Structures are given as C-alpha cells and as structure tokens.
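Asks: Here are the chains, one letter per residue:
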Amino acid sequence: MIAHYRYQGRSGVTRGQGEARVAFATNTLREPTYFHGQLGRPLLFREALAALHAVVVSDWKYRPVDRPEYKAYLERLDRRFLASLGVQSQQARQRIEQLEARLGELDLAREARLRPFHAARTEYIKYACAHEYELSYIFDPVITVHPDEVSFEAFSRDESTYARLAAKYELFDRIDEYLCGTTNIDFSIRLHRELERMRSYRSTRFRIDPSGFAVFTGEGEGHCEKKIDLPESWVRGFLQVHAAMSLGLIRVRLAPTDLFNVVRTIRRRKAKVSPRALCYELEPGKRARAVLEPWGESFEFAPGSEFEGSKPIRVRTWGRDRLRALARLLPACRSVDVYLAGMGLPSFYVLDLGPLQFTLGLSGWTDNDWTGGASFELLARRLDVTPASLQVAYDSLRQSRFATDSGLSQATGLGLEATRSALSGLCRAGRAMYDLAGGVHRHRDLFADPFSADAAVKQLRVPAPKVAPATVGPGTAPIAPEIAAEAIVADDAIRIIARRPVAGGYKLSGSARGADGKRVRPLLHVSTDGKIVDGSCTCTFYGKHRLTQGPCQHMLALRLAHMDRLEGGALA
Amino acid sequence: MVPNPARLYKPDDNDRVAVVSAEPASSGGFLIRVARGSRSHHLKSSAIFGPFSAGELPLRWEEVLGQLRADGFIPPPLGDLLEATYRRSIALAALRLGWRRETAAVEPILSILPDAVDEVCSLIDALGMIGDPQALPALRSQAARKLLSRRRSAVEALRRLGDVEGVAEAMARAREQLPPPILLALEQAEAERRSEGLVQAVAALEDRLQGLCLDTLYEIGNSTAVEAVRLALKLPKLNAAYHWRYIKSILKRAWLRRDFATAGELTHAIEILGRSLPGTRASVKSGYDGKVRETRISHRNTRDYLRRDAWRYLRNLARHEPSVYPHAAAECLIQYGPEDAESPSKFSGAFARAYLLNRILWGSSSRIRFYPRSMRFAYRSAKDAVVPAGRDEVAFPELWESQPVAFLRILEAAKLPEAHAFALRAVTERHRAVLEMTPVERIIPLLAAPYEPTVRLGMSELERRFDPSKPDLALIDHLLSHPLDEARFLGRRWLAHSAPAWSAEEEWLVAFLAHEDPEVAAQAAELAADELRRNPTARRTLASRLLSLLRKPEASPGAHDAYARIARDCLLEDLQPLFNVRELVSLTAKGSPPAQALAGDLLANRPDALGELGLSGVEALADHPVATVRAAAIGLLEQAAAAFRSDPSLLFALAESEWADTRSGALSLLQRVVPFETMGFDGILSLLDSTREDVQQIGRELAIGHVDRIDPGLLANCLVEHPHRAIRGFALEMAWRYLPDGVESLSKLTPLLRSALIDLNPDRALKRSALHFLAERGVRDPHQAEVAAAELGHFARLACRADSEAALQALARIALAFPEVRNPLAVGEFG
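Quick mapping for you: the protein sequence lines, in order, are chains D and S.
Heads up: the first sequence runs through residues 6 to 577, numbered per this note's numbering.
Heads up: the second sequence runs through residues 700 to 1530, numbered per this note's numbering.
Note that these hints are calculated values from the structure, not bench results.
Computed from a predicted structure; not experimentally measured.
Any given hint could turn out to be false.
[Claimed, not checked] Below, in silico cross-link-like pairs of lysine-lysine (BS3-like), each with a Cα-Cα straight-line distance of 27 Å or less:
{"hint": "1", "chain 1": "S", "residue 1": "K1045", "chain 2": "D", "residue 2": "K131"}
{"hint": "2", "chain 1": "D", "residue 1": "K173", "chain 2": "S", "residue 2": "K984"}
{"hint": "3", "chain 1": "S", "residue 1": "K984", "chain 2": "S", "residue 2": "K936"}
{"hint": "4", "chain 1": "S", "residue 1": "K936", "chain 2": "S", "residue 2": "K990"}
{"hint": "5", "chain 1": "D", "residue 1": "K512", "chain 2": "D", "residue 2": "K549"}
{"hint": "6", "chain 1": "S", "residue 1": "K845", "chain 2": "S", "residue 2": "K743"}
Only chain D is shown next, with the shape it has when bound in the complex (with noise of 0.2 Å):
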C-alpha cells in the first residue's frame, strides 16, 4: 500500500528572544484539522515528543550480522597457516615474517590515508540518512485533535511497537481554536533536534495546521511530499493494537523508579542466551516483583504496587529492549501502569504525566509485529454487526468524538452488547480507537476515504488471513480458525455446560467437537463487561502454542455460541 504524504510546509521549531512557535504541518490529503494553542509545559512535552520519536524510529527486529571483511580476514588467516605448513626452510620463515611485518606497516600507513576519506564517507551517510531515510522509511505520525486532548499515534520501523501520546488541554495555557479530526503530520529527525529547544522560559506557541513552515524551493514556496510504501501489516497492526487493548488486561501500577531499575538491568547487561523474557510475578494483596531471565536478577516494586487480582499469576513478556523508548519519560513521570494480556501476548505500559499520558504498546515478542502472531479481534467482543448499526455507532461517536460503550448505548439506543460489538466493529475498520488509559473509545479516522457502513461490515466478515495448522486434520487443506469456529457453531456441535460467576466477572466452560472429530473442552474467563480475560482449551493447538497463535477454533466457537446467548437475551 502507498501511502501518499503531501505537506504544504514543514514541520518545525522557531525561536525569538521570549517566544517559540512550534508548527507541525498536516498532511493535505486528509481532512482538514487543526488546533492553536499556547503550551503550558513545555519542557514535558518536549519530553514527551522525544520518547514518541523513539519509538517512531526504533528497530529491534534481528538481523544477522552480515561480517564479509571479517570473513576475508578469517579465509587470509587460513591461508597463511596452510601456506606456512609448507615452508620449511628458516630463510623462507624470516623472509615471511619480514614481509608481514611490512604488509603490516602499510597497511597501518594505507589506514591513516584513508582517514579522511572514511570520515567523509561517515559523514555522508549520516546526511544522506537524515535526508532520505526518512523521506522514505519513517512512518509518520498519526495525529487526533479530540475535543479533550490532542493524540499523536505511531509505529515503530519493525511494527513490534505502538506508541500513544495524549496531550490533555491543560497541557496548554490556552487555546485559540480547534477543528477536531485525524491527519498525519510531518515527523523528521531535523524536528526532531528541533523540538529539544523548547523551554519553559519562552511562551511557546503550538500550531496544528497544514501550513507548518513554508518550504522555499528554488521556484519559490512550495511544498513536501513523501511516497512510502506502508506495509499492508502497519496498517492492519493498528487496528490490532485495539483489539488487543480491549481484552481484558491485568493491572499493575510501578513507580518510575521501578521501572527503571528493570530499563537499566536491561540497558546495563546482554542477554547472551535464552530465556530473554521480563517476567512478572504478581500475587494478590503483595507488590509486585519482576524477574529478569536469564539472569535471575529480581525487582520488588515499591509499595502503590500491590496487585488486586484474585490470585496470583506469572506473566512472562518478551522484547523487553523496546522499553529503552521510555527513557526520556522516567524522570517526568509520575507512575506507570504496565497492563498484562498473558504470556507471550501483548502489554502495554501507560505512563501518567500529569496533563500528558503516554501510551506505549509491545507486541508479544519483538520479531511479532501485530499481525504476525496472535489475531486479538478474534477475542474481542463481536456480535454480528449489521451495516446500519454500524453506520448509527460511527455517526454517533463522530459526533461526540468519544464516549463509553454504556454512553454510546444511551445516546444511540442500541443494546450494550450491540454497541460493544460495534465500537469492536469500528476500531478492526481503523474508525474508531480505543483509549486504555482514559478508558473510553475515541473517533478515529484512520483512512483518508470516507466511511462506509457496508464496506466495512464485508471487511470485518473477511476472515483473518492467519490459518492455525493444528486446527486440521492431516491430508486437509489449512483454515481459518474463525471459519472452523463458525462450522463448530453450524453443527450445533458445541455445547455451553456452565456459566459460572467469578469475581470480577464469569468464566464458561463448553464442549466442542471439531473438524477431527474429537470432543474438547474450551474455557473462557469473561470480566463483568464483557472482555475476554483468559481462555483455555484441552486441545493440541492450545497445548502448543497457548494464546500466542490467537484462540483456537474451540474457545472461539464457545465465544460465538455465548453472543448467540447474549443476542437471543438468554444470559444477558
């Protein structure tokens, strides 16, 4: 997918002796939005860009070293040895030995020739770095102004991280106007480098308009425009990033020191083998510990960390290197709420800034982007969705720009479960976004293209194009697990035997028979509103993979059969 970027200016950062303006330009393409204000704190949000930038830059994904002049050196080395297990002679060795030691002498003396030009080169690739790659690679930014806060939204290069900065109005000692809406805005390293000029002793002006700063070209004004390949799975990561922030999540609140202890362990050794995982153990009433693997090296938080639940559960978290995003957030912060979907799935850490929250969210491992593993809209709430519940949903939360699932209820009058699926519907159609920290699901536009109930309702009956291999026979062709669960749920062969009320919520057990035949027994953990919590099944691709391959069929065909309930007012 090409995603078109036309910017009329460019995003930047001007100083005067008492007075900074900071303009980010938005792209022209998409509806106009725009907010003037004049910022509060500064210095936070600096901070908080700084950490945005981060992640928008960031790349952790393995790659092998590819080492050619070494290997050279490896083969030259052999040589030599097989070569010397020839020469007999004592001449012959000195006569050796001399001319090494001269090939040595110039190959210092070739080294210091070549200085300049090895700096120059350095110095070359870091121009050609600042101006093209991002001209080419760097995904801006997707930028929200909401009646109550102004979002920027972003990916990271190796789609392994999600990042959310919400920046509150009272971040702004006042606001001129603002025209609510989606865009991107222009996001380089030069405004990058920028924006760490900001200070709290200039009154700084905040502009969000497709103006910027006007771009001179040889001709006179003109404008910026970026062509970047944007990977079908970028996109589609956005909208699992919601799917998966609406399953239900466990808590757990840190202190900024803590997570820093844990960052810096991190930064300070190298795990040289595996595991690699950050694994939290939390038990109910006691604060929270950390273990980092392989290491053993453990971290009780400190008290405000003390974890709710019922009983206790180990986490383990992969790609824990990605939360050296954060650093630039951990001496502004004020405390940091690490939200927990299970092992090897995702987690999410809010970071509360006062009048700024920043949302940062990993996928279960960092070679996972969001697509490649786990489909989490398969656990998220979905009733079948018509075209004109759709249509009414988005209406009514374009109008408010957010709302809960209850308030959206009220104010469109469809059921809280149909509303539930809807807000599900319109966050996997990229119109809608889910808020963890605020809680509440916001508008969001994802797409330049107007909105369309009926598409959108085709697009979310398109199955997940991941297949689950265990879920078949040998000799039969792959399907979709989400496919399989709905022919589960076609034979009647899947059963609920109890609805049993827990606290916080209520976990179904069920009987399912698949397509092999065999009779398994799927368990869903449901909170009280409706989130999946946890899942489990006796099957073999559950026994393999857990959660972090998505649901199986079984614990799927056991959620669908329990929204038949729901919708026929059975359970509800």
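Fit chain S to the given chain D structure using the hints.
Replies: Same frame as chain D, now just chain S:
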C-alpha cells in the same frame, strides 16, 4: 604442377570414355597419355604425347583436351546430365557442372530447364555458378516465380551474374512482400545505418511471420538488412515451426552468395541445435505442393544432413575455388568456443560432437575416426588422444598456406585455444609479414583473445609499431576509446609514455584532456599539468571546452569528476573570467556535484560575490551540501566580518547548521569578531541551548569568560532545562555556584537532578554531585529539606547501590537535622 587426370565422355561411340593423364618421362619432362575404352576401367588403346617441359605442359594439356572435345568428347557430368533419367541424377550432374563452371553445359541446362520439376533449383544454381549471361532471361523469369525455392536460387544466381536490373526488380518484389511495419523499419534502418530497430520490429511480428520476414530481408541483401538478420538469428527460435524452414533457406542463400560469416554462424547454430534441442512436429503448409500436413520440424536427420552438407560445401570450395576455402573455413572455425566442449572420455575428445570443427581443424588427422551414425569423432586408440606437438592436422593445409590472411581472422575472432594454436603457429613461424602489414584495427582484437600467446603476439606487434618519440597519436586515441579493456589499458600506457609528444601539440592536448573517458582525462591532466601551466593558450582553450562539458547534465554519476578535477587543479584562473557571480551561484544550485565543487572554488576567489549576493545569498551557500561551496561561503562571511559586529544574527543561525565546517566557521567568527556587548546574555544562552556539543562548548567558554558581565543565576536557571547530557554538569555547577539559596531555586533544579540520576547512560561524577547537592541543600532549612527528602526518596529506590546508599545517607542527615520533615521511606521497606 602436374594436372589431375581428366575424364571425357562420348555417348555415341564405341570408345565412350577417354582419360587424359600426365606422367613424368624417364628422360625428363612430362608425357601426356590419352587412353580410350568402353568404360573407365576397360581402357583399350592409348596414345602418348611428349615429352614436354613443365612450362609447356599446361598448354599442351589444353590442346589435347581441345582436340578431344573437337572429336565430340564432353565432360562426364554433362553426359550424365544429358543421359540421366532420374531427376536427382540430373540435379547432381548440374551442380557438378556448376562447380566446374562448365560453360558448355549452359545450353543443355537451359534446354531441360522448362521441363524440369524437382531439379529446377539445382539447374538454376548451376547456371548461377557458371555465370554465363545467356542464362539471364531464364533466370529472370525464374526470379519472378512465387515458389520460394525457385525464386531464391534465381535471385542468388542473378546476383552472381551481376545482373543489376534483374536484381533490382527482384528486390522491389521482395520489399513489396514485407509487412508494412517491417518495410518502414527497414527504410529507417537504411537511413540511420542501424539495424537494432529493424530487429525489434521483426521480433514484434506475429511468430509465424518472423522467419519469412527474415528470409525476405536476407534476399534484399543490403548490409543493414543482412546485419539485422544476423542479429535476429541469435534469438533462440531456430528450431520452431515457421522458423526452421526459413533458417534453411537463409543458409542456402548464404552459401550461394558466398556469405561465409552468416553461413558459419548458421551452421554452428544448427550444430548446437542438434546437440541440445529435440525437433518438433507441426502442421505446416508444404512448400512443395501447398498442402497442409503434419511435418517433422528440425528433425535430427535434417540437421545432420545440413551439417554434412556444410562440409560438402566447404570441400567443393576447396576443390573448385581453392582461394576461398580458408576464409569460409575460418568463419566456421571462429564460431566454436569452450561452451562446445563436453566431458572427454578415453576415446572421445572434448569436441567429439563438433562435426565441422573436426572436419576443418583435424581433417587430415590419422588419429581420429568418424562415426556417421552418431555423427561423432573418436580416437582410433587411447594413445591417439595426445596431440602431436608442432604438427597441423588441418584439412587442405596447402590452401591455408596460400591464404595466410585467413589465419589472422582466426586470431582475431576465434574462441577456442586449439584454433588459436593452429593459426598462431602459422603466423609466427611462416607468415609474420601478414601480421606486420595488417591494419591496427585488426590487431587490437588479438588483445582480447582467450589464448595468452595470441594476446602476447598482439601486444608485441602493437609495441613494435609504437615509437614514444614519434607516437601514432591517432592510434593512441583509437585505443583509448576502444571498447576492449585491454586496448584501453594499452592506450593509457602509451599515453603516459608519449606525454612529452602529445602535450606539445595543442590539439591533442585538448583532445586527451577532454576525453570522453573521465579516467583518461584525469590521467592526461596529471601528465600534462606542467605543460598546462606553461601554456596559457592551451589552458584557455581547454577551459572553454570543459566549461561547455560541465554545463551539461552528467551522463552518469561521476562523469564530470575528472573535468572538475582538471579545472580545479590547473584552470581556475582561466575559468574565472568565463563566469559571473550569478552563473556561479546557478551552477552551485543546478550543476552536477563536481561542477558545484568547481563553482565553490571559483566563488571563493570572487571578492565581488559578497556585494552581489548579499548576506542572505551567502547564508544559503553556507548550508550547501558541497564542501567547497560552504568553504566559499565562509570565506565570503570573513569578508563581511565588520557587519557582524553590530548584527551577528546570521552567525547565530549558521552556528546551528548541520554542517560541521559551517558551524566551525560561524563560531570562529562569533568568537573573534562579535563583541560581548552585541552578543549579550541572549547570544551566549542561544549557543548553550544548542543540541550540538561543539556549539555548546563555545557557549560554555563564552559564559565562563564573561561570567562577570552576565547574570549567572539567570543562566543557571535557564540551563537546568537543557535536555542534553553534555550540558548537565555545567548547569549543575552554575546552579551550585550562582543560584540563590532557597526552596524556590531548589525546586527548579529537580528536573535536572532527576535527569542526571534517572538516566540510562549516566555520568557517575554528575550523579555524585547531584546527590551531594541535594544533601547539602537538604540540611539548610526545613523547606529545602522537604523538597530534597522527596527527591532523595525516589533516588534511594534506585537499583544502583552507590546512588541508593548516598541517597539514604542524605536522607538520614536530613532526618537528623529536621526530624519534623516527612521521610518518604519506611523502615523495613528494603528488607
């Protein structure tokens, strides 16, 4: 030379056969014997004439033959022709007569031509080879026929007879047959003398029309059309239906036309086909009766027939046109390369299946035997695999010796070392003069030969012709532009050796310096640098030449490098008058990078540039990506130093440039030129605010140098907000020294202290002094103690033991000094 025996024939006599032979006489000289009989093996009577001397023998020989012809004897093929009952026999007889150029056969052939059917082509071919003009009317009528084979033979016969009018008519008819796009492409190709477009046009045609189209183009036969056909024949379609038939047709035309190059390529291609690809079957219209029937296309039998026919053709050439044979054979030989080799076995060499190669190169060898069924050659015994040293086994060696130029053709184009060895031996041992008389264009290809001795021969011959004191500069120029790397390398070597000669000639000097190859130009510049410094006229000429080159866009990245280098090394003074400042600025904006660099050098020596551009123009140049342009801008800024005393804003802007040299220049000016009164507190703060360490360093030096003239407390207040870790230490030091005591200033410092301690890349000394600072301030008054204790409470929880302990100690000190202050830590929290 003793003539071969001649056999004559008289159909209506008892003694039907007469054999004339020559033999040495016992008394010296030669005897001519005439024997007669009913058959050639039953000769009854004989007559002997002579003896004759060797010089007299040919004349007497002809007299005897003339007498026999007068008696009614005729050559045997003619007899066959007149008496044969089978069309195949007639055809073969006619061809034999044609090869012999037997003019007596023209009338008989013309008499049987109207009734001929299958043998028509052979009769026409024979007429063409004999070359008697009385055949022209018949040939013209045949050339107008629709049937391809008849038309082909007749047109080629007319061409051999030199019938301009008849050929022109045939060509006009051929052009009419071409599809319109091909005709258009042909006309265009003829006008441009380039055949690539024509080849593309043919390739774009419908597949079934391509072969016919190529055959028609070959029939037209001008150089453009033939070149296009030869290019198109390299496409891998030879054995496809609708192609194969026309491939054969083109091969036959090439043989008739004596176009050995095309014939050599085709015979080799057909041989490769025979080795690799199977034939196909397709329903095609017969050229014989016009019916569509399923036919074998490119069957092995046909291909083998053609391979044998190629050697038969060469043999006929050797017998009847001996001076031509070596050239035709050489064209066939040069087609073979290492890719034709296969894994040798005990009895089969690597080229066992290379039919024509074996026939030509090892045709007289007794080591090798031919197996017709498999079309393979094999050694008679295993020991025969060893090639006898220094002995040629080539077929018809005497013909090769009579045409030594053919050896050169092999040396310049052959791909096989075996072929090179054969030709090289002949040239070096017996025909060196041929090489010495050959034009240089034919020697250069020897440098790219795949056979080292051939390369050495070519090099030695070229070296022999080269005289550094009187060099052939045209040859050097030719070599320098040659597509072969080896030739260019030699040219560059000669260029270096002959530098004194060409650098004294202005025309050549300019030619080499403005050479299309930038490397050559650079080398020439190095060699001629001294000469250029002495020769102002050459410099001026070259300057204007290079100027025009540099103004054009670069053909490929780096193409202007050498020109710019020459210009920057030697021609700056001469180029200056050719530019005004605006043009130079335009060149910095739109020129190639080397041209921009040159423009930078030129601008640096233009004192008037500052006046014309103004400071804003210079500012733009100072941010230019090319270093010399930036250097020029800095130079211009130095000229405007006085202006910065009152308004240094431009220097402050440039101090933030992304280019280190620009920053360095601007900072240097700021330090040297701008007085403190102009710079003021804001100027120093602006430098300290920078995110670049070199700029911060200057700001720090200025702040320390003028600390008595600025408000250091205010500066410290500002610096604590700096996010850069390099400035934190300085900020803390300033704060410690100059910030007033009190809770207010301590509160302002907390972000800095947190940044220093909660840092993933910390500075240990800074952390220590930050904790010390907090401990010191915490014991001064209860308000500061409260703020310090709150911060220390955070730091006490850090995993770094030294920091944590220092924070705990500080907290203990605060608790002892002010017990009423709330301690953020609880006893036992760390247990």
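Asks: Against this structure, judge whether each hint is valid.
Replies: For each hint, the structure was consulted:
{"no.": "1", "hint": "S/K1045 / D/K131", "in the structure": "63 Å, violated"}
{"no.": "2", "hint": "D/K173 / S/K984", "in the structure": "85 Å, violated"}
{"no.": "3", "hint": "S/K984 / S/K936", "in the structure": "19 Å, holds"}
{"no.": "4", "hint": "S/K936 / S/K990", "in the structure": "24 Å, holds"}
{"no.": "5", "hint": "D/K512 / D/K549", "in the structure": "23 Å, holds"}
{"no.": "6", "hint": "S/K845 / S/K743", "in the structure": "52 Å, violated"}
Checked against the numbered hints above, the structure breaks hints 1, 2 and 6 and satisfies the rest.
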